[in-house]
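Visitor: Chain by chain, the residues run as shown.
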Amino acid sequence: MSVVYDLAAGFAGAMTPWNLLMCFAGVFAGQIVGALPGIGPSSAIALLLPLTFGADPTSAIILFAGIYYGAQYGGTLTSVLISVPGEPSSVMTSIDGYQMALQGRAGAALGIAAIGSFIAGTLSTIGLMLLAPPMAKAALAFGPPEYFALVVLGLTALAAVGGSVLKGLTTGMFGLLISTIGIDQQTGVARFAFDQIWLLDGVGFIVLSVALFGVGEVLSSAGMATPRPITTVKNLLPSRAEWKQSRMPILRGSVIGFFVGVLPATGATIASFLAYIVEKKVAKDPSRFGKGAIEGVAGPESSNNAAAAGAMVPMLALGVPGSGTTAIILGALIMFGVRPGPELFEKNATLVWTVIASMYIGNVILLIMNLPLAGLFAQLLRVPYSWLYPPILALCVAGVYSQANSIEDVWMLIGFGALGWAMMRYDWPAAPMILGLVLGTIFENALRQSMTLSHGSAAIFFTRPISAVLLACAAAAVLAPFIYKLATSRRTA
Amino acid sequence: MNLLRAKGGEIALCLFFVATGVFWIAVAAGLPLWDGFAPATGLLPLVFGALLVVLAVAATLVDVVASSETPDRAPAGRAIMVLLAVAAGAAGIETAGFFASMFVTMLFLFRVAEKRPLLSSVLASAGTALFLTLVFRTWLGVPLPAGPWGF
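First to last, the protein sequences are chains D and R. Heads up, the first sequence is in my numbering, so the first residue is 3 and it goes up one at a time. Heads up, the second sequence is in my numbering, so the first residue is -9 and it goes up one at a time.
Chain D extracted, bound-state conformation:
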């Protein structure tokens, strides 16, 4: 029953005019950034971080969560209309969605994606509501060794999400490394500050996020081609036959997406791949897939939306993000002085339940907005990127400068922006670096406290069962891709 009371309190918080406005602004902005090329939810949240600094944390997290799940649908527009997935999680949608558009059924594809996203988003929010609190409660027994193991799991899991685990681990390590800049909180000794006062506080989370996801992404997209011709969107409501074909794929996609999203090291992209494969396997006529099968849109679209809510479960309950965007939301929570993890549901219950309630509201807003306005959003694809990126860069500069009225922060923005561009160019993931910076202090404190508890013995991490299991999961996250690659190469040889 306490869940019902908590949720009711959450709705009371989420229904205030300001929070409703934030929810609407979040899903609307998410839709736009999901549809626009060259800017994703991570960049959008990074760009908005400076504007929310000092604001109410609950409203800010409602805004960020709205951007996150709103962008999942925004990415569908580009997948269906021009066969360019706005987000990696929309890649599978483009296969059959674009074929449907070529057959004059773009409206039905977008309509079923909107309905599927709504159902999946709502079901997975119920899952989040039911799964996260007991998970957090179980994790309340965590001591420093378990927190240390959680940070290791978070970093390795996020490193494993991208293409190369080694590259992910390297950038995560670089994030940990730069987290050591500034005053050591435990000893008061300045490290790597080189007698510069502005370095004593270390590298700011906002500076690094805006640099890597704002400037870096803009620089790598600056030479993008002009937009492609776009199909007209009409008849968004699917026919009775199309709805009948889509019902079960939506339900299956919701379940797959949620549970895949909950697992660290997976995320919406893998969820949508899995949902597509399942739909193709269970289809009576698999040959229709790739030629405009509506199940090929309904399954993956439901799945990627469900995964967005699923990824919030470990982020809120354990402080382990399941995706790059949740890594930034996690950093934002820490920036607001809120510690994600087991204590969150105890100490910041109002924030958590208000955000969960806002996700129900956000899904309704998305559905209402999408069915009549999909055609309007499609027009956004006609805006050339060359009109967008100069204002984005100016916003990056203003946002970073405003944190401490510091021109040195702007220089760091440019330096890390150049690094972010080089990393994107050569496929090095940026999210683990952000997570490394955010979790560096927790990692160091937990390690020191654990070692003090054990009188200097590292065995404490392996003799305590939860810590040992978490570290084993971290090892599995790193080793699984290598073992899979090895097994695949043996099979082909």
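Quick caveat, the hints were computed from the structure, so don't treat them as lab data. Zero decoy hints are in this set.
Only some residues are given here: those of chain D computed to face chain R with a beta carbon under 10 Å: (1) PHE55; (2) GLY56; (3) PHE176; (4) ARG193; (5) ILE416.
In this text, a Cβ means the ideal position worked out from N, Cα and C, and glycines have one as well.
With chain D's structure known, arrange chain R on it following the hints.
Guide: Just chain R now, kept in the frame of chain D:
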């Protein structure tokens, strides 16, 4: 030589990570490493530096060995020009003020880098700079630097 040409960017990025790692090791080695039962100020930076070197080299080696082909990438010139324009704008913030420096930066990007029409470029640059100045100064109360002409 062919490898350098094909994978020069990857190798340069790896060298950056390696150089940073080595620098961290060198500085951390001069800090206390252990205090009682727990790591002191220097140990973790030292370990992070060493791991960064190992991981960066391993990741690049795997990348280079896995494929000798160079994927099609957009020329770097445009990105470098944009970055230099932002750097020039940043350099002018404290002397010319936020509005003027961002206006000029955006005008350069619209007009010179993207070859957009002059009038539209001027209007878009002025509108954005004005909007940002108003939002940050008026709404958020951030004292963005003003130029010699007072804005």
